[in-house]
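Turn these sequences into a full structure, and let the hints guide you.
2 protein chains.
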Amino acid sequence: MTHRYDAGLGKRESNYVALSPLSFLRRAAEVFPDRAAIRYRGDEQSWAATYERCVRLADALRKRGVGHGDTVAVLCPNTPPAVELSFGVAMTGAVLNMMNTRLDPAALAFMLDHGEADVFMVDQGLSAVGLDAMGRAEAAPLLIALEDEALGPAESFGALTYEELVAEGDQGAAWSLPGDEWDAIALNYTSGTTGNPKGVVYHHRGAYLNALGNAMAWDLTHHPVYLWTLPLFHCNGWCFPWTIAAVAGTNVCLRGVDASEILAAIQGEGVTHMCGAPIVLNMVTTEAERRGEQLGRTVRLMTAGAAPPAAVLERSGRIGFDVTHTYGLTECYGPNTVCAWHPEWSDLPVEEQAALKARQGVSYVVQEELTVLDPETMEPVPPDGETIGEVMMRGNVLMKGYLKNPTATEAAFEGGYFHTGDLAVMHPDGYIEIRDRSKDIIISGGENISSIEVEGVLYRHPAVSAAAVVAKHDDHWGETPCAFVELREGVGVTEAEIIEFCRENLAGFKTPKTVVFCELPKTSTGKIQKFVLRERVKELV
Amino acid sequence: MTHRYDAGLGKRESNYVALSPLSFLRRAAEVFPDRAAIRYRGDEQSWAATYERCVRLADALRKRGVGHGDTVAVLCPNTPPAVELSFGVAMTGAVLNMMNTRLDPAALAFMLDHGEADVFMVDQGLSAVGLDAMGRAEAAPLLIALEDEALGPAESFGALTYEELVAEGDQGAAWSLPGDEWDAIALNYTSGTTGNPKGVVYHHRGAYLNALGNAMAWDLTHHPVYLWTLPLFHCNGWCFPWTIAAVAGTNVCLRGVDASEILAAIQGEGVTHMCGAPIVLNMVTTEAERRGEQLGRTVRLMTAGAAPPAAVLERSGRIGFDVTHTYGLTECYGPNTVCAWHPEWSDLPVEEQAALKARQGVSYVVQEELTVLDPETMEPVPPDGETIGEVMMRGNVLMKGYLKNPTATEAAFEGGYFHTGDLAVMHPDGYIEIRDRSKDIIISGGENISSIEVEGVLYRHPAVSAAAVVAKHDDHWGETPCAFVELREGVGVTEAEIIEFCRENLAGFKTPKTVVFCELPKTSTGKIQKFVLRERVKELV
Numbered sequence: 001m002t003h004r005y006d007a008g009l010g011k012r013e014s015n016y017v018a019l020s021p022l023s024f025l026r027r028a029a030e031v032f033p034d035r036a037a038i039r040y041r042g043d044e045q046s047w048a049a050t051y052e053r054c055v056r057l058a059d060a061l062r063k064r065g066v067g068h069g070d071t072v073a074v075l076c077p078n079t080p081p082a083v084e085l086s087f088g089v090a091m092t093g094a095v096l097n098m099m100n101t102r103l104d105p106a107a108l109a110f111m112l113d114h115g116e117a118d119v120f121m122v123d124q125g126l127s128a129v130g131l132d133a134m135g136r137a138e139a140a141p142l143l144i145a146l147e148d149e150a151l152g153p154a155e156s157f158g159a160l161t162y163e164e165l166v167a168e169g170d171q172g173a174a175w176s177l178p179g180d181e182w183d184a185i186a187l188n189y190t191s192g193t194t195g196n197p198k199g200v201v202y203h204h205r206g207a208y209l210n211a212l213g214n215a216m217a218w219d220l221t222h223h224p225v226y227l228w229t230l231p232l233f234h235c236n237g238w239c240f241p242w243t244i245a246a247v248a249g250t251n252v253c254l255r256g257v258d259a260s261e262i263l264a265a266i267q268g269e270g271v272t273h274m275c276g277a278p279i280v281l282n283m284v285t286t287e288a289e290r291r292g293e294q295l296g297r298t299v300r301l302m303t304a305g306a307a308p309p310a311a312v313l314e315r316s317g318r319i320g321f322d323v324t325h326t327y328g329l330t331e332c333y334g335p336n337t338v339c340a341w342h343p344e345w346s347d348l349p350v351e352e353q354a355a356l357k358a359r360q361g362v363s364y365v366v367q368e369e370l371t372v373l374d375p376e377t378m379e380p381v382p383p384d385g386e387t388i389g390e391v392m393m394r395g396n397v398l399m400k401g402y403l404k405n406p407t408a409t410e411a412a413f414e415g416g417y418f419h420t421g422d423l424a425v426m427h428p429d430g431y432i433e434i435r436d437r438s439k440d441i442i443i444s445g446g447e448n449i450s451s452i453e454v455e456g457v458l459y460r461h462p463a464v465s466a467a468a469v470v471a472k473h474d475d476h477w478g479e480t481p482c483a484f485v486e487l488r489e490g491v492g493v494t495e496a497e498i499i500e501f502c503r504e505n506l507a508g509f510k511t512p513k514t515v516v517f518c519e520l521p522k523t524s525t526g527k528i529q530k531f532v533l534r535e536r537v538k539e540l541v
Numbered sequence: 001m002t003h004r005y006d007a008g009l010g011k012r013e014s015n016y017v018a019l020s021p022l023s024f025l026r027r028a029a030e031v032f033p034d035r036a037a038i039r040y041r042g043d044e045q046s047w048a049a050t051y052e053r054c055v056r057l058a059d060a061l062r063k064r065g066v067g068h069g070d071t072v073a074v075l076c077p078n079t080p081p082a083v084e085l086s087f088g089v090a091m092t093g094a095v096l097n098m099m100n101t102r103l104d105p106a107a108l109a110f111m112l113d114h115g116e117a118d119v120f121m122v123d124q125g126l127s128a129v130g131l132d133a134m135g136r137a138e139a140a141p142l143l144i145a146l147e148d149e150a151l152g153p154a155e156s157f158g159a160l161t162y163e164e165l166v167a168e169g170d171q172g173a174a175w176s177l178p179g180d181e182w183d184a185i186a187l188n189y190t191s192g193t194t195g196n197p198k199g200v201v202y203h204h205r206g207a208y209l210n211a212l213g214n215a216m217a218w219d220l221t222h223h224p225v226y227l228w229t230l231p232l233f234h235c236n237g238w239c240f241p242w243t244i245a246a247v248a249g250t251n252v253c254l255r256g257v258d259a260s261e262i263l264a265a266i267q268g269e270g271v272t273h274m275c276g277a278p279i280v281l282n283m284v285t286t287e288a289e290r291r292g293e294q295l296g297r298t299v300r301l302m303t304a305g306a307a308p309p310a311a312v313l314e315r316s317g318r319i320g321f322d323v324t325h326t327y328g329l330t331e332c333y334g335p336n337t338v339c340a341w342h343p344e345w346s347d348l349p350v351e352e353q354a355a356l357k358a359r360q361g362v363s364y365v366v367q368e369e370l371t372v373l374d375p376e377t378m379e380p381v382p383p384d385g386e387t388i389g390e391v392m393m394r395g396n397v398l399m400k401g402y403l404k405n406p407t408a409t410e411a412a413f414e415g416g417y418f419h420t421g422d423l424a425v426m427h428p429d430g431y432i433e434i435r436d437r438s439k440d441i442i443i444s445g446g447e448n449i450s451s452i453e454v455e456g457v458l459y460r461h462p463a464v465s466a467a468a469v470v471a472k473h474d475d476h477w478g479e480t481p482c483a484f485v486e487l488r489e490g491v492g493v494t495e496a497e498i499i500e501f502c503r504e505n506l507a508g509f510k511t512p513k514t515v516v517f518c519e520l521p522k523t524s525t526g527k528i529q530k531f532v533l534r535e536r537v538k539e540l541v
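One line per chain: the protein sequences are A and B, in this order.
According to this note's numbering, the first sequence is numbered sequentially starting from 1.
According to this note's numbering, the second sequence is numbered sequentially starting from 1.
Some hints here could point you the wrong way.
Here are the computed lysine-lysine pairs in the DSS-like style, where the Cα-Cα straight-line distance is at most 25 Å [to be verified]: (1) A:LYS538 <-> A:LYS513; (2) B:LYS538 <-> B:LYS527; (3) A:LYS530 <-> A:LYS513; (4) A:LYS11 <-> B:LYS404; (5) B:LYS530 <-> B:LYS513; (6) A:LYS11 <-> B:LYS11; (7) A:LYS538 <-> A:LYS357; (8) A:LYS527 <-> A:LYS538; (9) A:LYS404 <-> B:LYS11.
By construction, these hints were calculated from the structure, which means they are not laboratory data.
Here the structure is a predicted model, which is why all the values come from computation and not from measurement.
Listed below in structure tokens is the structure:
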């Protein structure tokens, strides 16, 4: 028998609507039509105009056959189309796959094929690598050129340009929210621990919730001026295109991450908020110090994964930065964990503040559970700040799973939790702190590098008999890959030759900066003892 | 065939959790355990302690047989238990019915019966009316006394006290989120246009979303100090118990709405935010002016329905108030519409600001669609600021429907929209402005009064042949009911006698303050022309 609180009280079209960040765009355009949505190189585009262009983009894609569950792959820097595509693709029901612009053609070709791209949009400045990827791929997506006046006249490539595409759409065209909030909105490839990258699938519900989660975590009030220092291909810019629409802010676009340009944007555009790896903070702070300048206002910076050291926090604070430390992975829409600040901590000495801020923290308010478990027993580790376990999560801002990879999906969600693969301790106050990464990921300049992928390339070199790659601390990049290599007997090879070999077979940022020839430490069963190498790497200058 | 973006990518316990505001309480207790959750008469209770008491409360209720879909009715002012009950009841899966403390025993008895209350909690100061209601009701709920030291020793009533109940629970007891986010969390009775009040049923999803919606609409950052001037029985305090937990703020409780007490709380407790009818703003401003005092900081006040006039905005602004105007109904969890402020409006003359702020505005960011339709054709009215239509809504912060009232539920949701019954215009900028209330509701001191209910009582007086009740402007209450009465031939009765008769049969605030004896204006078919009376009432002193 139906309960009295349910009888006749089911969901209806009037009281149940799919959660989708597309609603934020529509509302921003309706309520704040004249406010700047996007600024780029002196041009400004209002929310009304942005909405209209997204509607036309969606209509044009639809006319070209793009619809529910199709894939639109995009290779471009943080230019205005990247913001528009964050909405326009989903308006057709299709899935946006923003690609890492630093990847090599082979990796991009893999993604075009694996994601079964129907459309491939390539920035004019990335046409060489994009066309190379197209040539290697079996998929034959519609190729669209993203022109940028900043680069001067483009050599023509692709079936048509982005502007030509948008012009094909009708500004009054109808569009609709997804039929189901569990529908896919985005595909983001992540470096796996094994050979091929995995395609992380986001749903509309999670994108909606984490967009609000960012606002709540950051105490974001209306109309922030947000500078795009974080790549939009990182977890859809950590969901910030959607967050900024929800608070009717302004997206300040940037082609590259250059300290001088960032500082000029902060000072000239009234920037209030930005995200990025600690390297960005360090870079901009150093540049401002060199010029003897200030930011001109408090600029809030959200960083992730590793917090800046005390000295950087202090220096950057002096010129106007206020840093929020978050944590997340591609699988959780970017950050879903924040080192939530207690107001009273601001009275502590800066070293203590830095130590508190170095912790990854607690769940976003829209996420449910963050815990550190013994991965064998799935029991929580004691909250003693010492016992190491694996960071696990459960909640609403976690991926649907990996595209066409049931084995990896089941493994990631085994036992009712998402397994991050990161090792951490739980402090007595419930804040987690990462101590190591069990998946052998090296983070260089904010980009994840799989040590196993690099090792795979090293093993292909005829002189190499065994190899292990670990992270080496780097003042500029945070970490760089350091390769320990055991050579075959009687074969000679130089460090430069190994590095050159890697460069030919890997994206530049994945190439080891250091190669050490030695006998690798192994267990009795022959397994390489990476923890020994991690100790040894600290002694390298 | 399952699509590749769905195959093996369904919901799991790890990536799909029911949206419920209970998560906010748990998080506040985990992340900010020592911060003040509740302050009352000099006592302070932390979030950790509040969470622990809610867990015990839920466990105790469960041991007493309360569970999924049961009803817990509560009659109490804005004391600490009202905040705790906003969480503790839902933790058992039961539904909280906060009752209007100004209602008469007959109305309360109707609610106990209609809601099938399993538990009835009554504040010590309201025991007379509560026990009277119990006596009239057929339901036999477990009666629990809410004691309050502020009132001195209580005469014992009920099966046990609230504190005794809480003591029965185990602080380590398990509880769980609802099995379905569509499960009911609260029941709120609203004055209907016809005889009996209607029971509005809220679901967890809507409560969660509107709690965040409040934060987004109000630019609420972490740790506000929130003063409870808005009754918690109004749409669960407009969802603010849940909002304040989401931002780990402090609830400052108050038994009554007294200008002097409110001013003392603002000045003494560091209050930053409060909600209430415009009457509260006026009252506190007048008191502060009388004393020649300021609030001591900017205090943000959210008001609903009718914005304060320019003079009040200016006077209240001078002492420190900053007013946000919202709009909503019981059916939409309190406010789900806000007069979203454009920063540039702050530069306009105060009269223009007041005129802009008097508009009810636009959808909350968590709500989807707000529109003004011709109720006959269901077509939007032109956005000309002149053409009147009915305010209609569609989105995620709308009730499940009316409890055990399918006819009213279907009527309210007819045609795919929730019909508010309020008449409004749509301005060219997409902001709505209420022009009239089609449901004949009079709002007096923030309380809704159904003119039809009052007319029903008048018709029962032997001397009355016809009656019509309309709102009369009142400087203090906003509006009061004014009765126009046509007497039977040859019968004499005085205004005082009619008022006394109403007082015996209605809650005090519903009793007409003015009675006019006259022949009622009628259409050719005999229908009373209320619009004529609304004009006539303006001429009354």
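Here's how the hints hold up against the structure:
1. A:LYS538 <-> A:LYS513: Between A:LYS538 and A:LYS513 the Cα gap is close to 15 Å, so the pair holds against 25 Å.
2. B:LYS538 <-> B:LYS527: Holds. B:LYS538 to B:LYS527 sits at ~21 Å (cutoff 25 Å).
3. A:LYS530 <-> A:LYS513: Holds, at about 18 Å.
4. A:LYS11 <-> B:LYS404: The given pair, whose Cα atoms are some 16 Å apart, holds under the 25 Å limit.
5. B:LYS530 <-> B:LYS513: Roughly 18 Å separates the two Cα atoms, so the pair holds.
6. A:LYS11 <-> B:LYS11: Distance ~19 Å between A:LYS11 and B:LYS11 Cα, so the pair holds.
7. A:LYS538 <-> A:LYS357: holds (23 Å)
8. A:LYS527 <-> A:LYS538: With a Cα-Cα distance of about 21 Å, the restraint between A:LYS527 and A:LYS538 holds, given a limit of 25 Å.
9. A:LYS404 <-> B:LYS11: Judged against 25 Å, a Cα distance of about 16 Å means the pair holds.
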